[in-house]
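For reference, the chains in residue letters:
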Amino acid sequence: MTEFEAGKNGRKTTGRRAGVERRDFLKIVTMAAASLGLPAAEAASIAKGVAKGLKPSVIWLHFQECTGCTESLLRVSHPGVAELILDLVSLDYHETLFAAAGYQAEDALHSAMSQNPGKYICVVEGSIPVNENGIYCKVAGRTALDIMKEVGSNAGAIIAIGSCASWGGVQSSGPNPTGAKGVPEILKMQGISKPVVTLPGCPANAYNFLGVALQYVTLGKLPSLDALGRPMFAYGRLVHSVCPRRAHFNEGRFAQKFGDEGHRSGYCLYKLGCKGPVTHANCSVQHFDDVVGAWPIGIGHPCVGCTEKSQAFTVPMFTTADIPNPQPSWLFPPVNPNRAPMSPMSTGVGGLVGGALLGAGLMVSKKITSAAKEEKKEEGEHGA
Amino acid sequence: MEPNRRTLFKMIGAAGAAVAARSASAHETPAPPPDAAGLLYDATRCIGCKACMVACKEVNNLASDPVSRGGLYDDPVTLSAYAKTVVKAYWKEGANAYVKSQCMHCIDPACVNACMMGALQKRAHGAVTWDGSRCIGCRYCAVVCPFDVPKFEWASAFPKVVKCEMCAPLVAKGELPACARVCPRQATVYGKYTDLLKDAHNRLKTEPDRYFPKVYGEHDGGGTQVLYLSKADVSFQDLGLPALGDDPVPQTQQQVQEGIYRGFIAPISLYAGMSVVLWRRRTQKKEENA
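Residue numbers (our numbering), protein chains in the order written: chain E, 1 to 384; chain P, 1 to 290.
I should point out that these hints are in silico values taken from the structure, not numbers from a laboratory.
Quick caveat: nothing in here was measured; it's all calculated off a predicted structure.
Computed cross-link-like contacts, PhoX-like style, restricted to lysine-lysine with a CA-CA straight-line distance of at most 25 Å:
hint, chain 1, residue 1, chain 2, residue 2
1, P, K173, P, K57
2, E, K367, P, K286
3, P, K285, E, K366
4, E, K257, P, K57
5, P, K285, E, K367
6, P, K205, P, K192
7, P, K285, E, K377
Residues of chain E clear of chain P, computed beta-carbon distances all greater than 12 Å:
hint, residue
8, A82
9, F98
10, R142
11, P175
12, S193
13, G220
14, S224
15, P244
16, D289
17, G298
18, G351
Okay, the calculated beta carbon distance ranges per label pair:
hint, chain 1, residue 1, chain 2, residue 2, range
19, E, R264, P, A243, 41 to 49 Å
20, P, A31, E, S365, 49 to 57 Å
21, P, R280, E, L358, 22 to 30 Å
22, P, G245, E, G259, 45 to 53 Å
23, P, D35, E, P175, 44 to 52 Å
24, E, M317, P, A31, 43 to 51 Å
25, P, D246, E, A356, 38 to 46 Å
26, P, E93, E, L228, 15 to 23 Å
27, P, D35, E, L358, 50 to 58 Å
28, E, K367, P, Q121, 51 to 59 Å
Ideal Cβ placement from N, Cα and C applies to all residues, glycine included.
This is chain E alone, in the form it adopts within the complex:
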């Protein structure tokens, strides 16, 4: 087990002291790999990386936020937050989870930055105000803007966790007095070009964070991202596409109001304002904090679209979602059935065949009548 004992800063990464056996450790890593959507074999490479002491140094910054994302993270159990921060990552700075305070905490931040320049993961929770030079949010006498610039410019990768960090969140919706903006926008303003992963959500699902962080440290790369910087493995599909209530939508069965017959029967919540049809997220398959059904639609509340800038905090919660480009199932009847139009060639051929038949018929009938006439004539001659 010596390989597990080599830790950073003289701290044991795992072993009996932390109460984690090798078996349990591998279990944790396997779960982490599973939450990334990686095959089980990749769990071994994660385990190897972690065992080698390659725990990613994580610096977690809090700005304008409610700490909901951290709270969500604290409640995961596969792996639990204790295993996470003691075994899988080296959480070097986190204002909520710190035992240290004041200068000690600030020192930790600076030593983490100087020890792992260009390697550490900078996680940002919360939006950053820009109005009045950002005086609305200060930590240790410095504005969020300054801290972001310093920590962000030396980071290996930046993860914006939660909707606030991703685009500004609730603070950024009108009238936005502090000028709250998301991390990608701020970095662009400051001219810092670092890879940024956004994990919008209110809160973000902690497993999506774990997946990104562990993939970065073990495989050395970030997951594939969509145009808004969101990992495809988590934000590649619409909530609507994998919603357990989808069958009710397809049959037109909607809960009309909260508590009615349809609502209690688990009908589709679209009419109550569900934003599932326009919201990219994996909540419907990866519920929050391992509690089965712990996601809005699971508890009978319409999806509020918290991962989408165009929906959350801008479209009222109980207003039905606008679906600009719906994706009809192939089972829908098409407006114009795919009947092949008649080509000029086929029309011509058909005409020729029809004409020939008509002509032939005419000739046959003529022949018959003339034959009959002649017979009559003959009969007449015989009779005469």
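Go by the hints and put chain P onto chain E.
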């Protein structure tokens, strides 16, 4: 065969144009009845949930469609004796759309004009409804309808003509038509015709980027009490609504009929021609017998 309607219609149209192009302005533009109600369908709002189809079947007691695709139960593909309204899909890169089809409740309906017995008539609120006690089952209504709406119960021993009647029995009780009642997004709304028209134009004005700049049914085919709005880059023909022009459909019918009998020239020449043929045959027979 389905396409016959259109071809026949074209023939009638061509004949009518040739025979009686002069009297085009004779027909007055019809006005909707003063109490006219209608439906406004907004394709930009429709989410394709088929709630209207289900509700329509329920309130109208329509049997399940025995002809369906892929082994699906009751999955109508087009209007039929089993479905008075059907939601269809239009596929186009970046601009998919749904469209709900049902009777358009024309202001001057072709079916009413074609119905020799008066079984189909515009009744309360201008809804075109069918009276079974008068119907003789000629199905002229189905042939003449430019929207292919009235359907015949081919499988029944005592067949009816099935078409949307704007839920006339429900409306008489003060309720909403089923499709408008259940629509989760007010893609289909029921109301006074004049209000709906105003509402439609308001939508076009407030969100010009969202809509195709036209209210289908305001003038088309002489005007219909069911109005349509489409997405900016999807035309109404894409949605399967025919380009009818602004003249009421029965006008063409009337032009053809009146044109044929104008001055009684056509009947006289027809009978004259037939007489000539008969006379010649008689004289020929006489010669033969002689």
